[in-house]
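Note that the working numbering numbers the sequence shown so that position 112 is 112, with each residue one more than the last.
Calculated from the structure, these hints are not laboratory results. This one's a predicted model, so the numbers in the text were calculated from it and none came from an experiment. Just to be clear, a hint being listed does not mean it is correct.
[Stated by the list, open to error] DSS-like cross-link-like pairs, simulated, lysine-lysine; straight-line CA separation at most 25 Å:
| # | residue 1 | residue 2 |
| --- | --- | --- |
| 1 | K132 | K113 |
| 2 | K9 | K50 |
| 3 | K84 | K66 |
| 4 | K50 | K132 |
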Amino acid sequence: MLTEPTVDKLHEMRLRAMADAFRQQLANPSMSSLSFEERFGMLVEAEYSKRRNSLMNRLATNAGLKINDACMEGIEYHPDRKLKKDLLSSLATCSYIRERRDVLIIGATGAGKTYIGCALGNAACRNYISVKYIRLPELLTDLSIGRGDG
1 MLTEPTVDKL HEMRLRAMAD AFRQQLANPS MSSLSFEERF GMLVEAEYSK RRNSLMNRLA
61 TNAGLKINDA CMEGIEYHPD RKLKKDLLSS LATCSYIRER RDVLIIGATG AGKTYIGCAL
121 GNAACRNYIS VKYIRLPELL TDLSIGRGDG
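Could you build all of it, start to finish, from the sequences and the hints given here?
Structure, rendered in C-alpha cells:
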C-alpha cells in the first residue's frame, strides 16, 4: 500500500489529525491486531477530537474573557459571600442559554463578579456555545451608538 499518497490526500482534505493518527498506527506494530473498523474508528476519533478541541479553543479566544482560566470549580463558597452553590451549579450546565434566559451578576466591588462571569463563559465554551464577555459600561456605550445609527 502506498501510504504517502494517502497521507498527502488526508492533508489536502484538511484531515491533519487523521493523517497523524494514521502514521502513528503504521509505526505501531501492535495496531495490526486490530480490525479495520477499530483502526478506522480510532482515526475518525482523532480527527473529531482535534476539531472539537479547536472549536472550543476558538470559542474561548473569541469570547474575550478577562480571566481565561476561570472555572466553576474554582469558585470559593465562603459563608460571607452568600453564594448559592446549587444555583451556580445549575448555571454551569448552560441550560439558561438554551432557554434564552439572561443572567445578571451583581455584588460589591471585589465580590468575584468578573470571575463568576468568566467561569460561566468558559462553561459555555466547553459546551460549544459562543459567548462574548463585555462589561456594562462598554455595553451601554455600544447601545447608545447603536441607537444613534438607527
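Verification of the supplied hints:
With a C-alpha separation of about 15 Å, the suggested pairing of K132 with K113 holds against the 25 Å cut-off. Taking the CA atoms of K9 and K50, the gap is near 18 Å; set against the 25 Å cutoff, the hint holds. Between the alpha carbons of K84 and K66 the distance comes to roughly 23 Å, so the proposed pair stays at or under 25 Å and holds. Pair hint K50 plus K132 holds up; C-alpha atoms about 23 Å apart against a cutoff of 25 Å.
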